[in-house]
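J.: Hints are included, so try docking the two chains, each in its own frame, into the full complex.
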Amino acid sequence: MKFINYLGSIAGISIYPMASLLLFTTFFVAASLWAFKADKKMVDHISRIPLDNDDTNAQ
Amino acid sequence: MSLEKFYYDNRTVKWFAYACMFWGLIGMLAGLWAALELVIPGLNMGFAPITFGRLRPVHTNAVIFAFVGNGIFMGVYYSLQRLCKARMFSDLLSKVHFWGWQAIIAGGALTLFLGYTTGKEYAELEWPFDIAITLIWVVFGANMLGTILRRRESHLYVAIWFYIGTWVAIAMLHIINSFEFPLSLFKSYSWYAGVQDALVQWWYGHNAVAFFLTTPYLGLMYYFVPKATNRPVYSYRWSIIHFWSLIFIYIWAGPHHLLYTALPEWAQSLGTAFSIMLIAPSWGGMLNGLLTLRGAWDRVREDAILKFFVVALTCYGMATFEGPMLSLKNVNAISHYTDWTIAHVHVGALGWNGFLTFGILYWMIPRIFGTQLFSRKWANTHFWIGTLGIIFYVIPLYWAAFTQSMMWKQFTEEGQLKYQFMETVTTIVPMYALRAVGGMLYISGLILMIVNLTKTIRKGAFIANEAAEAPALPKEIVTHGKAHWHNWIERRPIQLVVFSLVVVAIGGLLEMMPTFLIRSNIPTISSVKPYTPLELHGRDIYLREGCYNCHSQMIRPFRDEVARYGEYSKAGEFVYDHPFQWGSKRTGPDLARIGGKYPDSWHFNHMLDPTSMSPGSIMPAYPWLFEERVDKSKTPAMINVMRKLGVPYAAGYEQQAIADLEKQAQGIAASLQKDKLPIKADREIIALIAYLQRMGKDIKSAPKPAPVANNAEF
Numbered sequence: 001m002k003f004i005n006y007l008g009s010i011a012g013i014s015i016y017p018m019a020s021l022l023l024f025t026t027f028f029v030a031a032s033l034w035a036f037k038a039d040k041k042m043v044d045h046i047s048r049i050p051l052d053n054d055d056t057n058a059q
Numbered sequence: 060m061s062l063e064k065f066y067y068d069n070r071t072v073k074w075f076a077y078a079c080m081f082w083g084l085i086g087m088l089a090g091l092w093a094a095l096e097l098v099i100p101g102l103n104m105g106f107a108p109i110t111f112g113r114l115r116p117v118h119t120n121a122v123i124f125a126f127v128g129n130g131i132f133m134g135v136y137y138s139l140q141r142l143c144k145a146r147m148f149s150d151l152l153s154k155v156h157f158w159g160w161q162a163i164i165a166g167g168a169l170t171l172f173l174g175y176t177t178g179k180e181y182a183e184l185e186w187p188f189d190i191a192i193t194l195i196w197v198v199f200g201a202n203m204l205g206t207i208l209r210r211r212e213s214h215l216y217v218a219i220w221f222y223i224g225t226w227v228a229i230a231m232l233h234i235i236n237s238f239e240f241p242l243s244l245f246k247s248y249s250w251y252a253g254v255q256d257a258l259v260q261w262w263y264g265h266n267a268v269a270f271f272l273t274t275p276y277l278g279l280m281y282y283f284v285p286k287a288t289n290r291p292v293y294s295y296r297w298s299i300i301h302f303w304s305l306i307f308i309y310i311w312a313g314p315h316h317l318l319y320t321a322l323p324e325w326a327q328s329l330g331t332a333f334s335i336m337l338i339a340p341s342w343g344g345m346l347n348g349l350l351t352l353r354g355a356w357d358r359v360r361e362d363a364i365l366k367f368f369v370v371a372l373t374c375y376g377m378a379t380f381e382g383p384m385l386s387l388k389n390v391n392a393i394s395h396y397t398d399w400t401i402a403h404v405h406v407g408a409l410g411w412n413g414f415l416t417f418g419i420l421y422w423m424i425p426r427i428f429g430t431q432l433f434s435r436k437w438a439n440t441h442f443w444i445g446t447l448g449i450i451f452y453v454i455p456l457y458w459a460a461f462t463q464s465m466m467w468k469q470f471t472e473e474g475q476l477k478y479q480f481m482e483t484v485t486t487i488v489p490m491y492a493l494r495a496v497g498g499m500l501y502i503s504g505l506i507l508m509i510v511n512l513t514k515t516i517r518k519g520a521f522i523a524n525e526a527a528e529a530p531a532l533p534k535e536i537v538t539h540g541k542a543h544w545h546n547w548i549e550r551r552p553i554q555l556v557v558f559s560l561v562v563v564a565i566g567g568l569l570e571m572m573p574t575f576l577i578r579s580n581i582p583t584i585s586s587v588k589p590y591t592p593l594e595l596h597g598r599d600i601y602l603r604e605g606c607y608n609c610h611s612q613m614i615r616p617f618r619d620e621v622a623r624y625g626e627y628s629k630a631g632e633f634v635y636d637h638p639f640q641w642g643s644k645r646t647g648p649d650l651a652r653i654g655g656k657y658p659d660s661w662h663f664n665h666m667l668d669p670t671s672m673s674p675g676s677i678m679p680a681y682p683w684l685f686e687e688r689v690d691k692s693k694t695p696a697m698i699n700v701m702r703k704l705g706v707p708y709a710a711g712y713e714q715q716a717i718a719d720l721e722k723q724a725q726g727i728a729a730s731l732q733k734d735k736l737p738i739k740a741d742r743e744i745i746a747l748i749a750y751l752q753r754m755g756k757d758i759k760s761a762p763k764p765a766p767v768a769n770n771a772e773f
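Those sequence lines, one after another, are chains A and B. For the first sequence, our numbering assigns the number 59 to the last residue and increments by one with no breaks. For the second sequence, our numbering assigns the number 773 to the last residue and increments by one with no breaks.
Bound conformation, chain B alone (with noise of 0.2 Å):
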């Protein structure tokens, strides 16, 4: 058979990589940035867009998607030509893949600093972006697709069907959870609304990390770590069984972020049964990865490529163990809400996204450079160095965790809470300054990298085409041995995108179905009343400023949280909450019934300067809020898209909202001139009031519900 000579492309990977590193280091440096500033509250230094809950979607989604997002591009657009034995379908298509993505991340990590966000917790991209992200994605699809199409090996390795999941899943996750109705050009409201709102939020948000940080790395990992031992991977059996078992499992488990709270129970359980489930396929890609080591022991003792690849893994390992212990209700009553959760997901990203990153640089980065990596001293240097990293980041934070877990639930003997928030917070944060230091260890590790692979490259010299030889793809395609019912799907990827899609979207359906058809259902509270239009511009102000980044707004039925912060949280009570605000850590205090709860002076001296009301306080101050103006010019179009996504505002309401909304503001205004704190009422910080003090206090006015006995459990 006469061979094909060709080229693999290595231009679009070696900008994807080097995409993965530059955005590496500063979505990470983001991230101490703002570590340190729960240390150091002052150090956003008056400079709204780098405040903490600003900085932090920023660092979220620079790593999920600029980090991580690049290393998936560099690690697929290497492996698939090879696997295929084909170059990339298009190059132009490679081109606008890459600037396209550039220009995502760029924009989208602007407008962040900015506060133009949607309020939705690693989706918190504007709707303009949420339109690209759909059509770079398609891009990326249609250019594997075609790869794929074209290749000379007939059967599909498993790594491909792992990037073909990948794919179809996100596709499907980010649509769905983006339908938004737009106010102005970055502005948008969510389409759902309060429970509804929550669990397409947390099916997406857990789903991105299956489909995002997790399948896309597990088709790497089938690919390089084989390619780094030189052996095939232990059992391609046991690949299979992971792909569809885990695609399949996965997409249930999303309700697990949403124990306790006011999603039906119905759901919960659902979630937390797929959760403990999903610990079979993935130690067993773990075992399958970890098992291709073997033989190759040795080795590993002096090879850094290896030793990030064995960590990697056994991160892999140790979160997605948790993760299933987390979803049990018991452990959650303790876990959510506090520091566990963050150090949960570094365990995955420094551990498994990074270190997986890190050997796969190493090991393509000299071969794309025809030369030898420059330093393999420096290379195990960075390997200890980044190990360390990540023990000072998880072991504080666990210990922060528990610790503060314990003193919220803790009672006196006479049947008070034993402890203010404030001792909680103050009692932790020396572990928030040795995370600090886990976190600098950590990136001073990737800039040894980056000085490595930088003197790398200079010593090589670049191989933008490589070439290749293959015969092309047989007419007939032989098989091997007897043909079996799977081969129908084994080599070919338009069913293998179909079968796959439909396999996330059957978990997708049946959990979500019942929620939306029970909009009817959904026991609204009849003293549960639209928002008006000054608490409208509050809740926005309240979303720029990222505020759910530290505050929740879910009470759990637990005695301690119901004396804390009042009456748990009912259902009805969000059905006007577009987007939700629940929120998933509690740096500060539950603000579901901050309502009422202080004098409006107390708000305005709070946020001009927190530790004056709360001494000890490591919330930053917002004394911006105080000089910008509310902007009266969008109330009525607010309305209008408010109305239009199903919130009772009267015909014609509109024309009368900003007269009601001087109104409401004179009076707050006036209130505090009282306390004899004078202020302009178009200021921000009246909205802000306003949307404060409206939190939670609906249900307050309602016909008091029959008593309720104390919850069993704690």
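This is chain A alone, in the form it adopts within the complex (with noise of 0.2 Å):
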């Protein structure tokens, strides 16, 4: 019992998963190298933002 797939008469339609794949992946080995170049000194820095605030108050 299998729906008729009615996408199916879209001209070109296995173009969408294919190009959602690649898209995605390119965009995660994109974002990964960026992450794993970047500079050690400016990601300890950003890293520590957070911290960086003084809390005089801060108990």
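In case anyone wonders, no lab produced these hints; they're calculated from the structure. Hints are supplied without guarantee of correctness; some may be wrong.
[Said to hold, decoys possible] With the C-beta cut set under 8 Å, the calculated list includes, among others, these residues of chain B facing chain A:
#, residue
1, 212
2, 286
3, 291
4, 303
5, 304
6, 308
7, 565
8, 568
Where a beta carbon is used, it is the ideal one built from N, C-alpha and C, also for glycine.
T.: Right, here's the structure in full:
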């Protein structure tokens, strides 16, 4: 018992899943590359931003 | 370099914190009451506004948009100022944002109680509120971006990325899902119909979870967990990958709410694939949070705040593992329409959102009042009561879900369904009672926190404007080490907004475009006709009473469902459904083919006293439908609006509609009279019966299609 895939009638529908997979892979690789090539000093600096504040009243 | 002196605005933070606690309590009490109504159906006391179908949307909207919403704003207003080393952009915008949001919540709750609803889950608020939400969201965005632009810290910490991503995605989702055509001040019909409406709604529904309950809270997690442990996040690099992959993938996963429905197979598979991929960034984020606590585990034993954070992150991990599992078709076949979904969302809501919020409140309130927490012991007690509450809430529901789903699917050796629907309900009612105990425990914990924080506030002195100092942002930003292309976006909020929008829009567009392009390609079934005027009124009553909260209108192509409810649902059957009413939960049976199954008198008696027709039923009675009159003055306008939305009523039909309505109503009243059930033809019950008797019948008068083979899986 299968649904009739009425999208099947659209020309070139198979390009959608392929396009989305390619897009995501490219994107993921680019983001990972950046993250791991980023300068260590800068990353350390950014990761400490929340702790920089002088919470004088913090206990 | 000279230091600039400025002040953080704690007043807005305080207001949002109070609102978060207040609405949290109200929303959870509404949930508890609704849960109890499933055990004791008479608990609505014959009072329409608190019937389950109206109370449940109040609960879900209050918890999502009021409790979590105010929690988001509280955390964002606190952390953003400190991450940017700047006061919020405009005190006036902060004020407008706060009061505007509270007005929407109060007005929204009131209209939901009164039965004004779009009938689309988690987007029930009617069109004036949709516009108000858009405006207030813009105010929030302007205030946030203004602050970011005026910052004294050159880099944007990852929490801010999550806030920006949240803002962009919610704006897009809300606007696209809210296209509707107003009929009157508080009533509108969805622009989309049937399959398209379902796709848009669950694209929205799923991503509301993603971008309202998840990404902003991840931003808060990336700020408050390092704060509470006093150590930087375990891996900042991970957090960047976490952000981009999460916002990219999440947007695609919506169709996993529509597996086995009349949604095209292609969209269903896409939803599943992306849901599985979501495990990676979600778990990366969870581990990043938990590993931040490394070396601080000794403190976790004593510090209630850290305990709340650990359980919140663990629940996030569990829910984001379970989610992808639920999107596998074979698991979904069992879980969908059962209490599994309810258990799943509550692991997220009670564990992830609730516990993270509590941890933040315990950490933040003493700080903005310049004092210490009144009682650490009480906070620890709250933690344990809350944890027990979650356990007592979810385990009975998982149990109920498995039990009921298995019972639904069992056949006798003779090939008959083994259990009546009602038997599967009465079996799990004790589980519903246990679940309510879990909810009560959780709420007791919340009350304990409110008392503890009130006492903390009393002994402290509020620091409305907290002094801080920081050097101004240098004109020339000094980069550490080599410059890199990502730096382009790293420090530039506007580019970040645009890029986030592009990323979330790609998924949305690619996912939905095909379904919109094929408007003419939906195989229309020639025998499927527009609703009659009386049926339209009946459908409005169905929406008003929130019937979709307990009844689906979507028969999946399984042996047991076809045997129990009839022919499985086809996409072409819903082309005139503005909005679609497929539902997501079967506390009661599916109604897609209820039409003609019982005589009018059955529905009459059933709506007046459900147990008279179905002994053991937990459905509430609807006596007011027998008193209220159908508002015929609206009929011509309804026809006009529907025609504008593409329903093919003949030109000038609105002139004739009232006469047709009266004729059909007389017919139903006469049939009831025959069964010695006298009622005036102008009552709402007549319209509702008309709608119920129409449902799923059109297809039966169509020429018979070729017989279908039995479904392979079930």
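J.: If you check each hint against the structure, which ones fail?
T.: Going through the list in order, the structure violates hint 8 alone and respects the others.
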